[in-house]
Amino acid sequence: NAGVTQTPKFQVLKTGQSMTLQCAQDMNHEYMSWYRQDPGMGLRLIHYSVGAGITDQGEVPNGYNVSRSTTEDFPLRLLSAAPSQTSVYFCASSYQGSGANVLTFGAGSRLTVL
Amino acid sequence: ILNVEQSPQSLHVQEGDSTNFTCSFPSSNFYALHWYRWETAKSPEALFVMTLNGDEKKKGRISATLNTKEGYSYLYIKGSQPEDSATYLCAFVYGGYQKVTFGTGTKLQVIP
Numbered sequence: 001n002a003g004v005t006q007t008p009k010f011q012v013l014k015t016g017q018s019m020t021l022q023c024a025q026d027m028n029h030e031y032m033s034w035y036r037q038d039p040g041m042g043l044r045l046i047h048y049s050v051g052a053g054i055t056d057q058g059e060v061p062n063g064y065n066v067s068r069s070t071t072e073d074f075p076l077r078l079l080s081a082a083p084s085q086t087s088v089y090f091c092a093s094s095y096q097g098s099g100a101n102v103l104t105f106g107a108g109s110r111l112t113v114l
Numbered sequence: 001i002l003n004v005e006q007s008p009q010s011l012h013v014q015e016g017d018s019t020n021f022t023c024s025f026p027s028s029n030f031y032a033l034h035w036y037r038w039e040t041a042k043s044p045e046a047l048f049v050m051t052l053n054g055d056e057k058k059k060g061r062i063s064a065t066l067n068t069k070e071g072y073s074y075l076y077i078k079g080s081q082p083e084d085s086a087t088y089l090c091a092f093v094y095g096g097y098q099k100v101t102f103g104t105g106t107k108l109q110v111i112p
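Respectively, the protein sequence lines represent chains A and B. Heads up, the first sequence is in our numbering, so the first residue is 1 and it goes up one at a time. Heads up, the second sequence is in our numbering, so the first residue is 1 and it goes up one at a time.
No lab work stands behind these hints: they were computed from the structure. Fair warning: there could be bad hints in the mix.
[Stated by the list, open to error] Below 16 angstroms or equal to it, Euclidean Cα-Cα: the simulated EDC-like pairs (lysine to aspartate or glutamate) are:
1. B:99 / A:59
2. B:69 / B:56
3. B:107 / A:38
Construct all of the structure, not just a fragment, from the sequences and the given hints.
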C-alpha cells in the first residue's frame, strides 16, 4: 500500500516552461488536493477535487490547472512557470467515509523556477 | 481567504517541561478542526480530528481541546520529550468538508 505518491521529488524549471506534478493514491480516496508550502505562509490550498471529473479552486489557484479523470490521479499543471511558483508542493487525499476530511499527505515536490 | 492563526510561532522547552499552543479560527462555517504533526523532512501526519464544541482528545502525553463558539483550540504536551520536536499545524475545515485552511504552525524544539 503506497499511500500518496508524488513525482518528481525535485524539479528545476526556467521561467515560461511548463510541467506537470504527478499525484497518485491507491487508497480509493474520493477527495484529493494540492497545497503549496512557502516560508512563513503555511500550507495554502491550490485546487481540490471531490471525485473524478470534479475540481474546484482553493485559495491560490492562479497559474495552476488540474484535472481528475480517474479516482487515483490528480496532476497539477504549471502552464508557464514563474519564479513566484518556486515552492514545495504537497498532494493530499482523504476518504469521506471517515468524516471530517482527515488528510494523508504525499512526500512533497520541491520546485525551483529560475 | 480565512484567517487561521497559531501561536507561538516557535517554542524551545527543556525535556520534561509541559507546554501548550493555540490555534484561532473563524467561529462561523465550522466543519472540523485538525491537528497535524510535521517532522522535518517528512509529511504532515494527523494527530487529532475534532468536530464538536467541547471536544477533548488525548493520545499519550498529547491532548487537545476545542471551543467552536469562540474559535480556538489548544494543544497540550505533558512532559515534553526530544521526539516531540516537530512543527504542529492546525487546520480549519469548512465549506462542508471541502476546504481546508492551515495555520502557519508552531515549531517546537525540546532540548535534552
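Here's how the hints hold up against the structure:
1. A threshold of 16 angstroms between alpha carbons decides the hint, and for residue 99 of chain B with residue 59 of chain A the separation of about 9 angstroms falls inside it, so the pair holds.
2. Between residue 69 of chain B and residue 56 of chain B the alpha-carbon distance is near 15 angstroms, which keeps this suggested pair within the 16 angstroms criterion.
3. Only pairs whose Cα atoms come within 16 angstroms are accepted, and residue 107 of chain B paired with residue 38 of chain A is accepted, the gap being roughly 15 angstroms.
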